[in-house]
Structures are given as structure tokens and as C-alpha cells.
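Heads up: the protein sequence lines correspond to chains A and B, in order.
All letters in the first sequence, in the order written, are residues 1 to 97 by my numbering.
All letters in the second sequence, in the order written, are residues 1 to 673 by my numbering.
One thing to keep in mind: the hints can contain errors.
Under the rule of at most 27 Å between Cα atoms (straight-line distance), these lysine-lysine pairs were calculated in the DSSO-like manner [unchecked claim]:
| no. | chain 1 | residue 1 | chain 2 | residue 2 |
| --- | --- | --- | --- | --- |
| 1 | B | 648 | A | 82 |
| 2 | B | 648 | B | 438 |
| 3 | B | 361 | B | 384 |
| 4 | B | 649 | A | 82 |
| 5 | B | 649 | A | 63 |
Derived, one-sided and incomplete: chain A residues facing chain B with beta-carbon distance under 10 Å [to be verified]:
| no. | residue |
| --- | --- |
| 6 | 22 |
| 7 | 26 |
| 8 | 52 |
| 9 | 79 |
Derived from the structure by calculation, the hints contain no laboratory data.
For each residue, glycine too, the CB sits at the ideal point set by N, CA and C.
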Amino acid sequence: MEIETKSEGEKLTIAVSGRVDTVTAPELAASFQFGDATCVVLDLADVQYMSSAGLRLLLIAHKTMLEKGGKFLIANPQPVVKEVLDITGFSGILNLV
Amino acid sequence: MMARRNLNLKIALSVLSAFALSMAFTWFLHGHLSERDAYALIDRTFEDVESEITDRVNERLVLQCMAARERLEDGHPDDTASLQELARELRVSEVSIVDTKGDIVRSSVPDYLAAPGRPAFNFAAAGGMAAEMMLLVDGRETEHCQPYRSNPVNGNWRKFVGVWRPTGGFVEIGCDGAALRSLARSSIVDLFRNWHVNGTGGIVVTTVAGLVLTDYAEPSREGTQWNEPDESFFWKRMDIESFPTYVMIPKGSAAVQRDVLVGATATLNGAALVFVALLVGLVISSFVRQQLRAQAAKELKMAKDIQLAALPNVFPPFPDETRFDIWASMETAKEVGGDFYDFYFTGQDRVLFLVADVSGKGVPAAMFMMRAKTLIKSIAQTGKPLAHVFEEANDALCEGNSSNMFVTVWAGEINTRTGLVTYVNAGHNPPVLRRGGKSEYLKSQPSLVLGAMSGVSYRVYELSLAPGDAIYLYTDGITEQPNATGELYGEKRLLKALAGTTARGKAVLGAVLADMRRHGAGAEQADDCTQLLIRYRGQPDVVSYEYVPTMKDLAKATADLDAAIKSVPENVRTQMMVAADEIFSNIVRYSGATSWSLTVEKTRYPDSLRLIITDDGQAFDPLSHRDPDTTLCAGERDIGGLGILIVKKTMSPVTYRRRNGMNILSMGKVYGD
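Same shape as in the complex, but just chain A (with noise of 0.2 Å):
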């Protein structure tokens, strides 16, 4: 798995490939640095698919930027990704763009 985070003022794009399951989860949490920025992008279209040990990640990181008044959003997911977040009921909760 590769992440790779850019930062444009207050908006932070994290962009993700490969694949995000129970091994690479906690490098994925790693990363969710979010800092003062009121606008995370997580980039999807490289991830090959999910587990619900991503889908953990996704709901925190979505809590904690609802809390400080800020956006987290996803971006790009793949079919397989985007089947696993309309299972889970994920699609209806998360900002998906």
C-alpha cells in the first residue's frame, strides 16, 4: 500500500493505492494526520479494494472532522470499494464525490 498526502491550505488530499485490509489498515491510520485542515480528500482510485478494517478508518476520520466542523470526503472509489461501502450502508453517511 503507498499514501501519499498533499496539502492546499486548509485542504488535504490523501491519496491511497492498493490494497486496505486488515495488514495495511494501521499504516492507513498512520497517516490520518489531518491538522488544522477543514477539507480531507481521501483518493480512492488506486485502491484495489477494502475491508471493514478500512472501513473502521473511514467512519472515524469522518467523525472527527464532523466534530471539528470540517469535511471528509471520498473520492474516485473503485466498483469493488464502492460495492463494499453500499453493503455496509457507508455510501449513505460518507461524503462521496
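Since chain A is already given, all that's left is putting chain B on it; use the hints.
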């Protein structure tokens, strides 16, 4: 049906007894009435008879009295002795001459005449009937008759008749019974001949000695001795002017009338009762029939339900089984029939499958079917060879089979390791072998149906199935479904449907049924339609790995799985990876296991993948947990259970077993034909 016959009998009996009662009452009433009527008629008749006889007697005696007056006018002496002689001459009992004052001035009876110390008998003074004679003295009447009665002067029974004398006063004669009868009898003879009373009844007048004077029915009897009527008559005797007179009505003629009345009443009552009975019967029988029909329908439905419930009806029946697939369906016709299918393991690698059809329909067929099914299964599960199973089942079914039912069966037993099928055909339709895109009938010399004759042996055939081969079994409900013109679906159309469909597995059954229904459009499903399809899949490719519950081994397992399923299409592979990750992480993090394993099975026909993941940790059935609520908002969401939810939603079948201290979770995915 029994109940209905009893009911009909009861209705008929009630109607008959009501009828009999009413008839008895009518009979009694009319009998009673007819006797009363008969006597009333007799009394009325007597009134006529009396006046008739009295008229004749009076007429005759007036003539006699006129003769006496004539003789006296002609100068016959009128002293007592002369008058006595005149009376004898005229055959009367006495002759008297009465003056205008009503006194008897001359008489053949000295007692009537005045004597010293006694006045003459005076009619006016005597009063009563005698006084009526006074009408004669001044010519207000010219003749007057008294009834035959006891004479107030001396108590003798007499009938007095007087005729007036133009010179004043009157001449009177008196007749005792004998004199009266001797004078009047000739007037009475013939009087009542042919005078019938109430048809065959009539009047008889006799002398005091009992000789017949006049007989209504038999003039030849006149002058013969009369016997009083016997019990076959209603009758009465009255002495009229001293003549014994009988009025009689044969009871028969009264009864004839009664019979006519009763008959008419019976006919009317009978017709009314029959009508009412028919009406009541109709209403009741239609009600009862409706009840029975509803009851029968209910029972038939129950029989059908029991029958269906007895068949294995959960598919796939063996979720962990990858060496073969089996599907079956039974579409029951309106009426309960005797079709069935069955399949079960008869050994570790042997599976028996069969389709059968019991002769006949209805509850008897359903019961025979249950018996046959249970018998075959219980014998087959002892592990005996198929031929023995059939021979034993046949002998058992023949026992006490008084209704001569039988069952056709096609049964095969597949060795799931080798694909070798042994099969027996007990008089059943040949199944279809589907091999490499081709379909053909699996013809064999059929043996005798089960239940027909004991001691029969069954021939066993063999067939080797390659992976992907399938056998399609059916009952004649399929091939004998008629269309609107009565043409049957038939084996040719069935084969064509099977060869023509691109469907695989369960869809084959649906395709055949749909084709059959297209053929039979407009016609009702004639019979139970039972089908079974078994496909041999061969042995799976299997790889297994052993791990310990560490994150390192988890990463290793992920890599192993990834490598093992490289050939699987991308989307299936990622679903499989996600699902596996959920199970792996559960084991590594929470199970407390000391070791765990992963087995990957790849099977063809259809292409499918199965992961079997075992661990020796604490018992945990992930499938028994409730799915999390995926509709809650972010703040309320909990992460627990989502992994299992993903597994359940993307994999099928998913099964869990706890065996020998191991959690065994199996999840499969079919991705090809």
C-alpha cells in the same frame, strides 16, 4: 359417502313415518266419520221410510174405513153385534160411529158406549190425538189417521182411522197389529225394491214373524225367513206401523267411500310430503356435499403438504458438497398424486438419487408413495447394493398390497469420487444424459415396477460420468401433458427442450417446465410434474495452508490466497480477498486460537471457489449474529459486525460448523457455468 347415505335414509324414514302417521290418522278419522255418517244416513232414511210406509198403510186403511161407511150408508145395521160382524167382514178390529158432538154412539166395542153411570167415549173430551178426530165431524177433514199406538181406553194397541159422514159425524175403524199388517202388507210389498241407500245399502220390511215383505236387493228373498244383518253392515231396526223395518248399509260401501277419501288424501299428502322431502333432501344434500367437498379439499391439501414436506426441499441440500450438484422440483397437479423424488448419501462417497411415480391418484397413491419412499431409503441407507435395495423394497411393497398399487422408479447411485453411476430402472421413463452440450435418452431394458410381484430381480446398469455430465430424471407428468388438442408433450419435445436450452443447473428444470407449459397452453396441468437434475463436477483442486494467529501469518495467508486464486476473474477475486480478510482478522485478533488453516477448493461445472477456514479458538458462529443496522447516521454507527455482513452479502453459500473443537467456516462463490 357413508354419512350421506345414512342421512338420506334418515330423511326417507322420517318422511315415511310422517306419512304413515298422517295416513293412520286420516284412516281412523274417516273410519270414525264414515260410521257416524252411515248412522246419520240411516236415521234420515228412516224418516222417509216411515212416511212412505205410513202413507201406504193410511191409504189402505182409509179405503177400509170408507168401505165400512159405505156399508153403513147402504143400511147395514149398526147394533154392536152387527158392527162386530161388519168388522170381521172388513178384517178390522173394531168399527164405531161417532156423532157430531164427538160421542161414540154405535160401536162394535161396548166399552166405548154410554152405560149406566158412564158417558160414551167423547173424542173432544179425550183430548190429544183423539181430539184431532173432531176435524171430521163437521167436514173440515174428510179422513184422518192416527198412528199405531196404545189405546187410552183399554190399553190395546190400535191404529184408528176415521172418514167423515156427509150427514155429520164420522165412521171410525181401529186395527190391531195383525189386522193392520194383514190389510196393508200388499201395499208394502215392492215398496222398497231398488230403493238403495248409499249405493249398496237398502231397506227391508218384514212381518212380525220375520218373513221378508220387501227386500231392496233380492226380490227372490221376499216371503222367506229374515235374519238380522250381521257385522258387515251398519244397520238399525225400527217398527213402523208395526212392521219391523231395517235400514242397512254394508260397511264395505261406507269403507269404499272412506278408502276413496283416504286414497285421495294419501295421494295429496304423499305428493306434498315427497315434494317437501325432495326439497329438504336437496337442500341438505347440497349443504352436506359442500361441506364434504370443503373437507375433502382440505384433506387433500394436507395430504399434498405432507407429501411435499416429506421430500428434500432445501437447495443446495449439501452446501459443503462440491463434487456434485443436485436440484429437484415437483409441481403438483390439482389432485394429489403419487410422484416423488429423493436423494441421500448411502456411504461416504455414494449418493442415491431417484424419481418415482405411484400408479393412481388421490390419498391412496400418496400413502403408497410415502411407504415406497421410506422403504427404499431405509434399505438403501444400510449400504446394500442397488439391486438388493430394489429387490427388498419390492418384496416389502408386495406384502399386503391388496389394492395392487405399484410404483415406477428410476434410481441411480453415483460414486462421487469416480463419477461412476450404477442405476436400476423399475418400469420408469428413461432419463436424459446431458454430456458435452448434447442430450440423449439413457435407454435401458426396464425391470418390473415395484410392488407388482414379489421375488423379482432387478438389473443394474453402469454409466461413467465425466465432470460436467448431468442426468435429468422426470415423471410422465412432463411427457404426458396434453395441449388444447390433446397432443402430448412427449419425449421428442422434452429432448429438444433439454438440448436447446443454454441453462445450466437449476435453471434447466425451469426451462423444461416453461417449454412444457407453452405446449400445454390452455390445458390444465394434467399430472404431477417431477424433475431431478444431478450434475457431476469431478474432484476439486485443493490447496491447504497452516498458520499461527499472528499478523505476520495473516499477511502470509493473504498472499497465499492471492496466489491461489490468480486465475479467478478480478471482481470475484477481490470480493474473495475482502471476505477472507474479515475472517482472518477475526481469528488472529479475537479467537484465542493456537493455530488456523486455510483450504482453497476450485471446482468446475460450474466454476466455483470455496474457502474453508478453520481455527481451534473459542467457539464462534459469525452467522448467528444479527446484522448491524446500516441505516443509522454516522454518529450512531458502530463498526462491529460489518465484516461478517460483507461476507454474507458477497459470498454464497456460507456455512459454519463446530467440530472436534474447531470452528469451520466455509464460504463459496460460483462464477461460471
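Straight-line Cα separation of residue 361(B) and residue 384(B) no greater than 27 Å?
It is violated: about 31 Å lies between the C-alpha atoms, which goes past 27 Å.
Between residue 649(B) and residue 82(A), is the straight-line Cα distance small enough, at 27 Å or below?
Holds - the C-alpha atoms of residue 82(A) and residue 649(B) are around 14 Å apart, at most 27 Å.
Hinted pair residue 648(B) and residue 438(B), Cα distance within 27 Å:
The given pair, whose Cα atoms are some 36 Å apart, is violated under the 27 Å limit.
Taking 10 Å as the limit, does the beta-carbon of residue 26(A) come near enough to a beta-carbon in chain B?
Holds: closest Cβ of chain B sits about 9 Å from residue 26(A), inside 10 Å.
Holds or violated: is there a CB of chain B closer than 10 Å to the CB of residue 52(A)?
Holds, because the Cβ-Cβ distance from residue 52(A) to chain B comes to roughly 4 Å (cut-off 10 Å).
Closer than 10 Å between Cβ atoms is the bar; does residue 79(A) clear it against chain B? Give me holds or violated.
7 Å, holds
Decide if the proposed pair is consistent with the structure: residue 648(B) and residue 82(A), CA atoms, cutoff 27 Å inclusive.
17 Å, holds
With a cut-off of 27 Å on the C-alpha distance, tell me whether residue 649(B) and residue 63(A) pass.
26 Å, holds
Taking the closest Cβ pair, is residue 22(A) under 10 Å from chain B?
It holds, given that the least Cβ distance between residue 22(A) and chain B is near 4 Å, below 10 Å.
When each numbered hint is compared with the structure, violations occur for hints 2 and 3.
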